[in-house]
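There are 2 protein chains.
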Amino acid sequence: MALIWYRWLSRSFQSQSVSRALSTLKGDSSQQIIKSPPLLSLDLPDIWTSNSMHYDPLDIDKYSNESRARVIDGKLMAEKVTTGIAGEVIRMQEAIGMVPGLAVILVGQRKDSETYVRNKRKACEESGINFWLTKLPGTCTEHEIHEALSSYNENPSVHGILVQLPLPRHLDEEKILNALSLEKDVDGFHPLNMGNLAMTGREPLFIPCTPKGCVELLLRSDVEIMGKKAVVIGRSNIVGLPVSLLLQRHHATVSTVHALSKNPDQVTRQADIVITAAGVPNLVRGTWLKLGAVVIDVGTYPVKDPDSRCGYRLIGDVCYEEAVKVASAITPVPGGVGPMTIAMLLANTLESAKRAYSFS
Amino acid sequence: MALIWYRWLSRSFQSQSVSRALSTLKGDSSQQIIKSPPLLSLDLPDIWTSNSMHYDPLDIDKYSNESRARVIDGKLMAEKVTTGIAGEVIRMQEAIGMVPGLAVILVGQRKDSETYVRNKRKACEESGINFWLTKLPGTCTEHEIHEALSSYNENPSVHGILVQLPLPRHLDEEKILNALSLEKDVDGFHPLNMGNLAMTGREPLFIPCTPKGCVELLLRSDVEIMGKKAVVIGRSNIVGLPVSLLLQRHHATVSTVHALSKNPDQVTRQADIVITAAGVPNLVRGTWLKLGAVVIDVGTYPVKDPDSRCGYRLIGDVCYEEAVKVASAITPVPGGVGPMTIAMLLANTLESAKRAYSFS
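Chains E and X, in that order, are what the protein sequence lines are.
Position in the first sequence counted from 1, then plus 43, gives you this note's numbering.
Position in the second sequence counted from 1, then plus 43, gives you this note's numbering.
Source of the hints: derived by calculation from the structure; they are not laboratory data.
It is possible that part of the hints are untrue.
Identical chains share a label here; the pair holds if one copy fits it or two copies do between them.
20 angstroms max Cα-Cα, derived SDA-like pairs, lysine to any residue [what the hints assert, rightly or not]: (1) Lys368 <-> Ser401; (2) Lys78 <-> Lys118; (3) Lys218 <-> Pro349; (4) Lys118 <-> Lys333; (5) Lys165 <-> Arg245; (6) Lys118 <-> Asn196; (7) Lys397 <-> Arg134; (8) Lys78 <-> Leu248; (9) Lys397 <-> Leu83; (10) Lys305 <-> Glu169; (11) Lys165 <-> Gln207; (12) Lys368 <-> Ser156; (13) Lys118 <-> Cys183; (14) Lys123 <-> Leu179; (15) Lys305 <-> Glu190; (16) Lys305 <-> Gly335; (17) Lys78 <-> Gly130; (18) Lys305 <-> Lys333; (19) Lys218 <-> His189; (20) Lys165 <-> Leu149; (21) Lys368 <-> Leu208; (22) Lys333 <-> Asn162; (23) Lys397 <-> Glu190.
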């Protein structure tokens, strides 16, 4: 159902914005000295069309009907990380009488955002990290957010600040994120941080939590990254792009596939490691994968399920039932990337506090 | 000859630094809460070994012996750009009585750096852009460079500053580049700029000259980038990385190949567009290319040539005689990327001056 709605949205959206953007791109540029356009003028919405989602059900038959893939238990791995962090928090408190602190700004009443924030609060409580929450109505002004931000920026007990995304449309996300103190940007979304993540010889202050979590899952599953072919599906600023950059720093041969890629299934089928953050439920079918690939699924979407206690269940970018027959290891949804992302948020907050107090 | 020496250097260098770095990477990390290491600890010298450079001379026989590739005349295209810029400089001078200005800091006496700087000066003179040069001895202190930099940073007639790289080893390149005013960083090497180049929805102040030149050559050759498979060979901060980021902003499906990639030839053979900045003469053989690929060669290396008037000639990363039989279009070395890089430097300097004077 979600998929059908999505396809309709894709088609109608694509016929408007994309064609508008394309006509701008193809505009008469014979008068320009430089053909290269401003990059902003190139930006297009990353909408996966049904073409990208083709599926040949026969192909899958060549694989066994039994599950082959080892399940990468993100929940268990994240618990181990969280336990380790709790130990460090105690050690810090005993040594210098301080603990790390995380502040979250939540705007509006999106159900999913509220759930994420609740999980973050719970994880902080479990690991002994102080937690502050500023809830603002969906109709709030930029000024109100800036006030909350600047108070957290100045508070020495706060070592990490995050603005829960997405923000309501009337707010300028870029401007708000730019106002966040770099030293407390535990999400690592600032362009300066992104540049340092990308560039050899540089160290970002924080590696964004989800990409860091993906790599942590690979490392904890003893998956070799160096020299391997990795395909990242999706190129969003918050997941796809930093995942690609991070895998490259780990010496993978990285290809990034997006909604405008031709034959994304063929490219993906070359990969030893697939990390998918396309934002499209069930995009990656079994036929997209090389036999033995390792699959990390960042997507999470609720779909109606009358059999479930709460009336819905979560699915990812990957068609799990098919992928599990082809991959050698795979993260489940839920219980894969999600918990590890939160563990990495705690890790970044701890790291920031250690830096603030010169504690090692 | 250059290649033999290079291979020897690779082997001996690799046996030391790489194995040291690898042993650090593989060190006992069972005590760590987070397995993900600091990124700086992952950095390895990108050394192409002879394994990467294998060559099967039989493969090439299947292609015709006649050249097929259209030559992308970078010199001619750059002249057109430079003429356009000269016109804009005149228009600016007539309208507001100002012209753009570029300042270069050259440290030491590297022959290649001196040649590059001479070419930049000549291009500035041809297009009416003011040019300043500070030459410092190879033994100079960081303080002396910072003094020169800060004087150019403050001079309102200077709109672009570049420090000719590489610097002598005793100087801290990162620190020096960080001291350069962002608004005058026409090379675009600052990490903030790199982050804005990478991130959708952001516009860097300057796109680094060589990457911008590569894309300009593609656009002027009517090569479609969107949706195409592009392989970038090399991932240096000054070429490979920003080329990959820029091609992704242009919606190519980008794969980045580097010295630690397994089977770089196989990956490259998938590409519709190959941009190579590996720093290894003749690395890319004809067998690395798909029939009809478009090839942009950023490499430039002098090799001894008794038949040449000056005793040497320049070659690139690509084995031109072979590639020309397989590719559909290719840049020559010299006369391809080099002139266009300089033209993009002029373009960035003009852009910076326009921004400084709010002139459009």
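(request) Return the numbers of the hints above that this structure violates; sort them in rising order. (result) 1, 3, 4, 5, 6, 10, 12, 13, 14, 15, 21, 22 and 23
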